[in-house]
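Peer 1: Using the sequences and the hints, build the whole thing.
When the letters of the sequence shown are read in order and numbered with my numbering, they come out as residues 5 to 191.
These aren't lab readings, by the way, just hints derived from the structure by calculation.
All of these numbers come straight from a predicted model, not from anything done at the bench.
Where a beta carbon is used, it is the ideal one built from N, C-alpha and C, also for glycine.
Wrong hints could be hidden among the right ones.
Ranges of calculated distance between the beta carbons of each label pair, as one might list FRET restraints [to be verified]:
| id | residue 1 | residue 2 | range |
| --- | --- | --- | --- |
| 1 | E114 | N170 | 34 to 40 Å |
| 2 | K101 | Q59 | 24 to 30 Å |
| 3 | L108 | Q32 | 40 to 46 Å |
| 4 | P136 | Q32 | 22 to 28 Å |
| 5 | E7 | S128 | 23 to 29 Å |
| 6 | E138 | S93 | 35 to 41 Å |
| 7 | K169 | E91 | 34 to 40 Å |
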Amino acid sequence: MFENQINKIAKLLESNGYILLDGMSNEQINIIQDLYKITFPPELRELLMTFNPYQLYNWADLSEKNIAKMKNILAWPREGIIFDVKENSFWMDAWGKKPESIALAIDIVEYNLEQASPLIPIYSHRYIPSVPCEVGNPIFSVYQTDIIVCGTDLWDYFRIEFGNKNYEDLKVHKIKTNVPFWSGWIN
Numbered sequence: 005m006f007e008n009q010i011n012k013i014a015k016l017l018e019s020n021g022y023i024l025l026d027g028m029s030n031e032q033i034n035i036i037q038d039l040y041k042i043t044f045p046p047e048l049r050e051l052l053m054t055f056n057p058y059q060l061y062n063w064a065d066l067s068e069k070n071i072a073k074m075k076n077i078l079a080w081p082r083e084g085i086i087f088d089v090k091e092n093s094f095w096m097d098a099w100g101k102k103p104e105s106i107a108l109a110i111d112i113v114e115y116n117l118e119q120a121s122p123l124i125p126i127y128s129h130r131y132i133p134s135v136p137c138e139v140g141n142p143i144f145s146v147y148q149t150d151i152i153v154c155g156t157d158l159w160d161y162f163r164i165e166f167g168n169k170n171y172e173d174l175k176v177h178k179i180k181t182n183v184p185f186w187s188g189w190i191n
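Peer 2: In structure tokens:
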């Protein structure tokens, strides 16, 4: 279904020195999704079944060490937001009036984060939402509360990060805004 785009991404990654291993089986993908409580959107799932760019994130490595590493990476966006609320007085208007108590503020943030789509790491602090599980989710750069869109979809992101498309050419009007919690950062 996405063969043309996946081939282009493979060429981009290889031209940037990345080694692509064999893709994963449907069974391996299902095990990974169950293990990490995520769902790969269709285009990412197909990409990972075609090749494994292990220098980005090696989803196929089920060693204890890699599982712990991946769980930390999956938790990083949540932890970064909580850090900024605690340490940098960050607060979003969408959360209501900020309470005086840091503990209560953290409770409110955690409640809001429970409504959030899980974010799946793509590269460094670049993530794709797991929900909605459909084609075309935006790619977010998440560094604590410095959250921006860095691709209207997976294909756009790879062209910007590894290809010759400029970030300034990002078509903001094409960005999906139905991503639970995270769309609030782009509106």
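Peer 1: Against each hint, give a clear statement of whether it holds in the structure.
Peer 2: The hints, checked one at a time:
no.	hint	result
1	E114 <-> N170: 34 to 40 Å	holds, 37 Å
2	K101 <-> Q59: 24 to 30 Å	violated, 45 Å
3	L108 <-> Q32: 40 to 46 Å	holds, 42 Å
4	P136 <-> Q32: 22 to 28 Å	holds, 23 Å
5	E7 <-> S128: 23 to 29 Å	holds, 26 Å
6	E138 <-> S93: 35 to 41 Å	holds, 36 Å
7	K169 <-> E91: 34 to 40 Å	holds, 35 Å
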